[in-house]
Amino acid sequence: MKKHAFSNTVIGLAIALAVVFISAVAIGAVRISPGAIIKILLHSAGILVRNMPAEKYTAIVMFVRMPRVVAAMLVGASLATAGAATQGLFRNPMASPDILGISAGGSLGAVIAIHTGLMLVNVNLFPLATIAGSLIASFSIYAIASYRGVTSLLFVVIAGMAISSFLNGLISAVLLFSKEYEISQFIFWTMGGLDGRRWDQILLILPFLLPALGGLFFFSRELNILMLGEENALSTGINVELVKKSVLSLAGIVTGLSVAISGTIGFVGLLIPHFFRLLFGSDYRKLMPLSALGGAVFLVLCDLLGRSIIPPFEIRVGIITSVIGAPYLIFLIIRYQRLGIENAANI
Amino acid sequence: MTDKKIKHKLLLKDISYSVGSKKILHSISIEQDEGELIGLIGPNGSGKTTLLKVMSGIIKPSYGSAYINGAEVREMKDKKRAQLIGYMPQDNNYNFHLNILDVVLFGRYPYIGRMEKYGRNDLSIAERMLEYVGFKDYKNRYFDTLSGGEKQLVVFAKVLAQETKYLFLDEPTSNLDIKHQYKLFSMAYELSKEGKIVITAVHNLNVASQHCDKLILLKSGSIVKEGSIGAVLTPEIISSVYDVKAAVSVNASTGARLVSVMPSPVKKLGITIHIIGGAGSGVNLTRELLRLGVNVTGGITHSYDSDFLLWNSAGVKCLSVAPFSQIEDEDINRAKNFVRKADLTVLCPFPIGKGNFRNLLLAMEAKKLIILEDSKENKSRVFFYRDAESIYNKLLSTAEVMNLESFLESINRGMV
Chain A
1 MKKHAFSNTV IGLAIALAVV FISAVAIGAV RISPGAIIKI LLHSAGILVR NMPAEKYTAI
61 VMFVRMPRVV AAMLVGASLA TAGAATQGLF RNPMASPDIL GISAGGSLGA VIAIHTGLML
121 VNVNLFPLAT IAGSLIASFS IYAIASYRGV TSLLFVVIAG MAISSFLNGL ISAVLLFSKE
181 YEISQFIFWT MGGLDGRRWD QILLILPFLL PALGGLFFFS RELNILMLGE ENALSTGINV
241 ELVKKSVLSL AGIVTGLSVA ISGTIGFVGL LIPHFFRLLF GSDYRKLMPL SALGGAVFLV
301 LCDLLGRSII PPFEIRVGII TSVIGAPYLI FLIIRYQRLG IENAANI
Chain B
1 MTDKKIKHKL LLKDISYSVG SKKILHSISI EQDEGELIGL IGPNGSGKTT LLKVMSGIIK
61 PSYGSAYING AEVREMKDKK RAQLIGYMPQ DNNYNFHLNI LDVVLFGRYP YIGRMEKYGR
121 NDLSIAERML EYVGFKDYKN RYFDTLSGGE KQLVVFAKVL AQETKYLFLD EPTSNLDIKH
181 QYKLFSMAYE LSKEGKIVIT AVHNLNVASQ HCDKLILLKS GSIVKEGSIG AVLTPEIISS
241 VYDVKAAVSV NASTGARLVS VMPSPVKKLG ITIHIIGGAG SGVNLTRELL RLGVNVTGGI
301 THSYDSDFLL WNSAGVKCLS VAPFSQIEDE DINRAKNFVR KADLTVLCPF PIGKGNFRNL
361 LLAMEAKKLI ILEDSKENKS RVFFYRDAES IYNKLLSTAE VMNLESFLES INRGMV
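Protein chains in written order, with my numbering: chain A, 1 to 347; chain B, 1 to 416.
What the hints contain is simulated information worked out from the structure, not anything from laboratory work.
Bear in mind that the values here come from a model prediction, so they are computed numbers and not experimental data.
Any given hint might turn out to be false.
Calculated cross-link-like contacts (lysine-lysine; reagent style DSS-like; alpha-carbon spacing at most 27 Å) [claimed, not checked]: (1) LYS244/A to LYS117/B; (2) LYS193/B to LYS79/B; (3) LYS80/B to LYS245/A; (4) LYS244/A to LYS193/B.
Kindly generate the complete structure, drawing on both the sequences and the hints.
Structure, rendered in structure tokens:
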């Protein structure tokens, strides 16, 4: 890749993010002009603005749409970055948090926290519960993948699917045994959603999410070297086990926190890093920031799509990502069949 | 520890390695100084790779310790170890889209801090190594566009960029063509002479004999023999370790020891054939007959004749006379025993002169004589001695004339 192709793409994605951000805040049952949105934003930043739009618009922007769009950005960036990291760690193009069951682990943590009343004790415990669930799933995968000699591409994916269905089974069980079983609850924790997100939910996780995301970026160099296999990485001076544990922990934390905001949203972690890898190659120093930005743009767009197709009804964002993601997955499988699975490792 | 030699020594003390109940290495001890290219040889599964991994600190031995520079390998900090030991695994056939210069830069990882970036110095070292292995004009290629052999060379450059005193290579040329194989071993040799300790696992014994200063031969996880090429590559040792019938000769073009595997017969045919050869005329015949399970005897040739060298290394009972000397009547008398015992005697198509014409007299003793010629009408034999031709014509009247192919076919079908 040419040197400026990367920086141009980053700039392009940043602009795209700003555009989709404004559009997503503007579009809805009540249309709000971009100019009004910018005025409201400036005003809330403490800057004096003349001709302020009506109070109700400020309320819609600040308390209904903005939190939702910001949540979409954060979750998209988190899932895509975590996906890039786990794909790199397992040298497996399909090893994303949702396929590996890390997202399902977060959901299980959430439903347990809700239905055991843990959340009523202290609302701050809720993200801890989703993180705990995701970490348990992460380390189950780690244990399976560290089992002597297990490096097969297919094996990790199959193990992840097994863990994922097991955890989803537990989620259903917890929901069924709880008194106030609601089908919408089940859908939220297995398909995800961004409706009704509030600032307090976002602010609760932000202090943990940003450092964990930064931490993942920190391992780009090691993920690059790991592309040459574990033995080469070891002999280059990388503490491979430590890197594995750290990256899986960070991916678990990041995924757990995004589950706390939006439930499990599939395919973002699989699709986005993959898309950029096809376009720009395998350099994780570039792949991680591209995935983060791309993931944010993608999820805001998917959410916007979901609530604009058949208004006033909303299609859940997880359904949109699945509808886009599943065909892409099939495309990948066909591609790998053609290339041979050995060659698929880092494509 | 002040003595430079001791400082850089490699010392393996009583290393054992097992996986479950399976012992892969049994109490291996090695001491090594710099300046030599050491080949690690042995059959598949003899523990070459495992031993290299233990030496490199990639895996921990179940028992014993590996010391490098006087320090225990497994106790070194990861980056410190990577500044001292470069290890190249056998399989480097990975596919990822990354500039090869970036891949070689991986080798500078041990030298940079957590927050540092690769610096100008790192970049120039990486570039130099890439040039050294032959990518001078292709520095902008991508790893996934390389052939298996080119990937091997790029990973070798990455190992060199680590600037280590020790280089442990596992079958570094398994994917390389002969040109690059030669090149890589020449580089390894050169580096060993510059004061590195280079140990490389080599599958091909002839490659090992051509390039290495010293060999360590492993079998089932133990060192069978360690020493110079001449001491390790003997027919007896190779035959017993590799469970083949090995012959060791000298490569005519390189002067290196050349190990060949002799055919081992599928079944015993139970017949004995005496070959009267010379000038290498019996080599193909001997190999084929041995393969068919025929009991072969040979003679008389001059020693150092290719026929004689083959018979000797293949354990064929044979007789020879000194080079360029004449075969005398007493030599023939000694050989008569062989001919009389043989069910069949074959006279190979060698030129006949004064020195070896008595072989024709030997042929007269045969129970049954086969003369190898292209055909009865078309004989290519050359005579340098007048009297020999008349003896030969006499022989023709009693013998059967055949070419090599039809003779071998009739042996194979049991029509003799």
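Hints, one by one, checked against the model:
1. The hinted pair formed by LYS244/A and LYS117/B meets the criterion: a straight-line CA distance of about 22 Å does not exceed 27 Å.
2. At most 27 Å may separate the alpha-carbon atoms for a hinted pair to count; LYS193/B and LYS79/B meet this at roughly 26 Å.
3. Restraint check for LYS80/B and LYS245/A: satisfied, since their Cα atoms lie roughly 22 Å apart, inside the 27 Å limit.
4. Taking the CA atoms of LYS244/A and LYS193/B, the gap is near 39 Å; set against the 27 Å cutoff, the hint is violated.
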